[in-house]
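Could you put the whole structure together from the sequences, leaning on the hints where they help?
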Amino acid sequence: MGLEPFVFTACESARIQETPEINWSTFLEVFGGRGGVEELHCSNRLGPIRFLCLNRTKQPFAPTTPGAPGLLLRAPVPLVSLDDHKTSNTVIAPCRYSHDPVEAPSLKYHGIYKTVTTIRTTLTPDEWAALPISCRQCWINHFMSVRSPDACAMRTRIRLRNRLGREPSLNEIKESLAMDNLAILSWAEISTAFKLGHIRMQIQGMSCVGYDSGLATIIQKHI
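Going by the working numbering, the sequence shown opens with residue 1, and the numbers climb by one from there.
A portion of the hints provided could be inaccurate.
Result set (DMTMM-like, lysine to aspartate or glutamate): computed pairs, CA atoms no more than 25 Å apart in a straight line [stated by the list, open to error]:
1. Lys108 to Asp212
2. Lys114 to Glu12
3. Lys108 to Glu38
4. Lys114 to Glu167
5. Lys195 to Glu127
6. Lys221 to Glu18
DEER-style ranges, computed between Cβ atoms [unchecked claim]:
7. Glu4 to Leu196: 29 to 37 Å
8. Glu172 to Thr64: 20 to 28 Å
9. Thr121 to Asp180: 28 to 36 Å
10. Leu164 to Pro5: 46 to 54 Å
11. Pro5 to Gly33: 38 to 46 Å
12. Gly33 to Thr64: 22 to 30 Å
13. Ala178 to Thr64: 41 to 49 Å
14. Ser213 to Glu4: 16 to 24 Å
15. Ala178 to Gly33: 17 to 25 Å
16. Glu29 to Glu175: 42 to 50 Å
Honestly, the hints are just simulated from the structure, not real lab data.
Glycine included, every Cβ here is placed at the ideal spot set by N, Cα and C.
The structure is reproduced here in structure tokens:
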């Protein structure tokens, strides 16, 4: 992966050990936002903060310990723009799910991370096939349900390609969208498109650049 772990000071290491996990309900009470969302833009007395609350099933390569590097899977091109995620003030707090489905998932603060776009930015079909089945299922379900214009256009392109046996023209895509702007596809159709590389996941490196002790203090006070 080519990314190095961040080396914390002795004080920061001690603070990491002291900072407990925080459950979703408490997190939302303190910072605001909506539960179950991977990216949250919040504001408090520390100012605006962007959190990434990563689902371990959906993000199998996320950092596993504070300061560790990782990889972040992103929605298929062009559902999101890589340029939107080049800031260095992103706070990463990967979710840690219990094996007990009744117990609510909790979040562990891992540090301040930036995304690194110098690595290759999409998964190949073979790399997609090597992902855990549960991860692939999460992303297929996501692609089925998202209603952004880009996602609908991509689904329309896939549907027309399957129907015509060739790559559809831009005008054909536009005409089809005018008749059906949601372009619903079956789970099997989307799964096949991923396997063939017609849909490709984005991938970004994640590198830790620091630790916000003030944020850790807020978490400690509300546990």
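| 38 to 46 Å as the expected CB spacing between Gly33 and Pro5, which holds or is violated | violated, 28 Å
| Honestly, do Ala178 and Gly33 meet the 17 to 25 Å range at C-beta? | At roughly 36 Å between Cβ atoms, Gly33 and Ala178 fall outside 17 to 25 Å, so the hint is violated.
| query | Does the alpha-carbon distance linking Lys195 and Glu127 stay inside the 25 Å limit? | reply | Holds - the C-alpha atoms of Glu127 and Lys195 are around 10 Å apart, at most 25 Å.
| said: Assuming the hint says 46 to 54 Å, is it satisfied by the Cβ distance from Leu164 to Pro5 or not? | reply: holds, 49 Å
| said: Range first: 16 to 24 Å. Now tell me if the beta carbons of Ser213 and Glu4 are that far apart. | reply: holds, 22 Å
| Does the alpha-carbon distance linking Lys221 and Glu18 stay inside the 25 Å limit? | Distance ~11 Å between Lys221 and Glu18 Cα, so the pair holds.
| query | Between Glu172 and Thr64, is the Cβ distance one that fits in 20 to 28 Å? | reply | Given range 20 to 28 Å: violated, Cβ gap about 45 Å.
| field | Distance restraint between Lys114 and Glu12, which requires alpha-carbon spacing of 25 Å or less | value | At roughly 18 Å apart (the allowed maximum being 25 Å), Glu12 and Lys114 satisfy the hint.
| Hey, Lys108 versus Glu38, does the alpha-carbon distance stay inside 25 Å? | This hinted pair holds, its Cα atoms lying about 14 Å apart.
| Pair hint Lys114 and Glu167, alpha-carbon separation not exceeding 25 Å | violated, 37 Å
| query | Okay, Ala178 versus Thr64 on CB: inside 41 to 49 Å? | reply | holds, 47 Å
| query | Is it true that the C-beta distance of Glu4 to Leu196 lies inside 29 to 37 Å, as the hint says? | reply | holds, 36 Å
The structure fails hints 4, 8, 11 and 15 (numbered hints given earlier, in ascending order).
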